[in-house]
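Chains F and X are the protein sequences, given in the same order.
Convert by adding 302 to the 1-based position in the first sequence; the result is the number in the working numbering.
Convert by adding 376 to the 1-based position in the second sequence; the result is the number in the working numbering.
Keep in mind the hints are simulated off the structure, nothing from the lab.
It is possible that some hints are incorrect.
Within a straight-line C-alpha distance of at most 30 Å, the following computed BS3-like cross-link-like pairs (lysine-lysine) qualify [unchecked claim]:
#, chain 1, residue 1, chain 2, residue 2
1, X, Lys507, F, Lys315
2, F, Lys372, X, Lys407
3, F, Lys310, X, Lys634
4, X, Lys409, F, Lys365
5, F, Lys372, X, Lys624
6, X, Lys636, F, Lys310
7, F, Lys361, X, Lys396
8, F, Lys339, X, Lys634
9, X, Lys533, F, Lys310
10, F, Lys339, X, Lys640
11, X, Lys618, F, Lys372
12, X, Lys634, F, Lys315
Pairwise CB distance ranges, derived in the manner of DEER restraints [claimed, not checked]:
#, chain 1, residue 1, chain 2, residue 2, range
13, X, Gln403, F, Lys365, 26 to 36 Å
14, X, Tyr496, F, Val368, 31 to 41 Å
15, X, Gly690, F, Lys365, 45 to 55 Å
16, X, Leu478, F, Glu359, 41 to 51 Å
17, X, Val494, F, Ile357, 30 to 40 Å
18, F, Glu373, X, Lys507, 58 to 68 Å
19, X, Glu630, F, Leu366, 18 to 28 Å
20, X, Leu392, F, Val307, 19 to 29 Å
21, F, Ile357, X, Tyr496, 24 to 34 Å
22, F, Asp337, X, Leu478, 41 to 51 Å
23, F, Glu373, X, Thr714, 42 to 52 Å
24, F, Leu305, X, Glu637, 22 to 32 Å
25, X, Gln383, F, Gly341, 12 to 22 Å
A virtual CB, placed ideally from N, CA and C, is assigned to each residue, including glycine.
Here are the chains, one letter per residue:
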Amino acid sequence: MCLAVPGKVLEIKGERAVVDFGGVRREAIISMLDDVKVGDYVLIHVGFAIQKLDIEEAKETLKLWVSILKETT
Amino acid sequence: MWNNFLQGYRNRALALRIAKMITAKAQTLEKTKIMHFCGTHEYTISYFGLRSLMPENIELVAGPGCPVCVAAIEDVEEAIQLAENENIILTTFGDMVRVPALNKSLWEVKSEGFDVKVVYSPHDALKLAEKNPDKEVVFFAVGFETTAPAVAYEIIKAKEENFSILTSLRLTPPVMKYLLESGDVEIRGIIAPGHVSTVIGFEPWNFVSEYGVSVVVAGFEPVDVLLAILMIVNQVSEGEAKLENEYKRSVEREGNIKAKEIIKNAFEVTETIWRGIGRIPSSGFKIKERYSYRDARVKYSIKKEIKKTSMPKGCICDKVVLGKAYPTQCHLFKRKCTPRNPVGPCMVSTEGTCYIWFKFGKQLPSPLGL
Chain F
303 MCLAVPGKVL EIKGERAVVD FGGVRREAII SMLDDVKVGD YVLIHVGFAI QKLDIEEAKE
363 TLKLWVSILK ETT
Chain X
377 MWNNFLQGYR NRALALRIAK MITAKAQTLE KTKIMHFCGT HEYTISYFGL RSLMPENIEL
437 VAGPGCPVCV AAIEDVEEAI QLAENENIIL TTFGDMVRVP ALNKSLWEVK SEGFDVKVVY
497 SPHDALKLAE KNPDKEVVFF AVGFETTAPA VAYEIIKAKE ENFSILTSLR LTPPVMKYLL
557 ESGDVEIRGI IAPGHVSTVI GFEPWNFVSE YGVSVVVAGF EPVDVLLAIL MIVNQVSEGE
617 AKLENEYKRS VEREGNIKAK EIIKNAFEVT ETIWRGIGRI PSSGFKIKER YSYRDARVKY
677 SIKKEIKKTS MPKGCICDKV VLGKAYPTQC HLFKRKCTPR NPVGPCMVST EGTCYIWFKF
737 GKQLPSPLGL
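In isolation and in its complexed conformation, chain F is listed as follows:
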């Protein structure tokens, strides 16, 4: 039930946004997030955005782990 799916913001209409989940589009409430822009990735749970995903952090974390694992294995 805590399943949350990342989606890309296509359009913002006040407290709502149209979010794309790889072709499936749905409206979600984004009022819990600051500064949401078109093109941002947001995490949607039951039609409600709970977080703006930090894509750079996602890439950095992975890069860091890949380098640690390369050194140690």
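Fit chain X to the given chain F structure using the hints.
Below, chain X alone, put in the same frame as chain F:
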């Protein structure tokens, strides 16, 4: 790909490398039990076959993180009582309608001719109230802190007088504390729920380390879960027990402050019953008095005395949610109890361990070829 940034978190070579590292690091360890709280983590573990990558001394067990499984039978009975009313449209999430209560499920109530509808979100329930002004719409809200802000938002924002909410929302850290206090399950590490923590932050999990247990907040891709296991195994092998955050792309120290505020505005924290576990102090959300007009319990003065709150005969779902038993240890599993005809709640929900084990078992090849 629309979510290209996640591809690395499903990378086979990386997953295998992490698994190899876990095996190497775990060599000196005794039997180490790691519990993941969240049903979605169990889904990742089973779907991607991650248990098959673990060395023999690393055991992965599921915890009480399936809201449908732990929703009190009293709450389901209240929902049934409301649904059996000609004037009410009872709405809830998909899994909830199939949960067997004392005599029947909400789905069976629907088959008797009453109006029970599955909705994707609390907002969809509100839209139903707008469209049906001559009916009363009740949303049966089941979930954890992840779901609470979406429900709180409608409690505060909704204008429709014919819309109310029957809450069965729970807080996750208190049940984890209950589990650690009981000492029944010897856990050495906990994989904390990533989306609950997206809302509440990672700080509330700090208490876990006081029990000498490592805790890592993790995301839901296979590489996320494997990294969390590696972080726990690293800690255990170093003799440490601390809080770490693997899911940095989503979880911050403070969580989502606005979401926490809206929860605080709409709800007060109260003692609540967890199915198969019992009463746990400060582990439930109750609608605040100022919004009592949205509270279905107040609006319809429902009270139903239920004496028997245990699991159906033979069902060990209560042990499964506490990591004390595996589904395969239940003699009903795959025999009398199947997703089509679930006996207990763990076989109903897509986050229920029994349902997940029934669906993926151990025999299927992993989609990543792991």
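### Message
Checking one constraint from the list: CA of lysine 339 of chain F to CA of lysine 634 of chain X, max 30 Å. Satisfied?
### Response
holds, 18 Å
### Task
Sort out whether lysine 372 of chain F lies within 30 Å of lysine 618 of chain X, counting only the CA atoms.
Since the Cα atoms of lysine 618 of chain X and lysine 372 of chain F sit roughly 25 Å apart, the hinted pair holds (cutoff 30 Å).
### Task
Note whether the CB distance of aspartate 337 of chain F and leucine 478 of chain X lies within 41 to 51 Å or breaks it.
Between aspartate 337 of chain F and leucine 478 of chain X, where Cβ atoms are some 49 Å apart, the hint holds.
### Query
CA of lysine 507 of chain X to CA of lysine 315 of chain F, is that 30 Å or under?
holds, 22 Å
### Task
Check the following: the C-beta atoms of leucine 392 of chain X and valine 307 of chain F are separated by a distance inside 19 to 29 Å.
Given about 26 Å between the Cβ atoms, the range holds.
### Message
Can you tell me whether the CB distance of glutamate 373 of chain F to threonine 714 of chain X sits inside 42 to 52 Å?
### Response
holds, 48 Å
#### Entry: CB-CB spacing for leucine 366 of chain F and glutamate 630 of chain X relative to the 18 to 28 Å hint
For leucine 366 of chain F against glutamate 630 of chain X, whose Cβ atoms are near 23 Å apart, the range 18 to 28 Å holds.
### Pair hint lysine 409 of chain X and lysine 365 of chain F, alpha-carbon separation not exceeding 30 Å
holds, 29 Å
### Cβ separation of valine 494 of chain X and isoleucine 357 of chain F, checked against the hinted range 30 to 40 Å
holds, 33 Å
### Query
Regarding isoleucine 357 of chain F and tyrosine 496 of chain X, is the given constraint of 24 to 34 Å on their beta-carbon distance met?
holds, 26 Å
### Query
Is 22 to 32 Å right for how far apart the beta carbons of leucine 305 of chain F and glutamate 637 of chain X are?
Because 24 Å falls inside the window, the suggested range holds.
### Message
The hint says 45 to 55 Å between glycine 690 of chain X and lysine 365 of chain F; measuring C-beta to C-beta, is that right?
### Response
Since glycine 690 of chain X and lysine 365 of chain F have Cβ atoms about 50 Å apart, the given range 45 to 55 Å holds.
Of the numbered hints given earlier, the model fails none.
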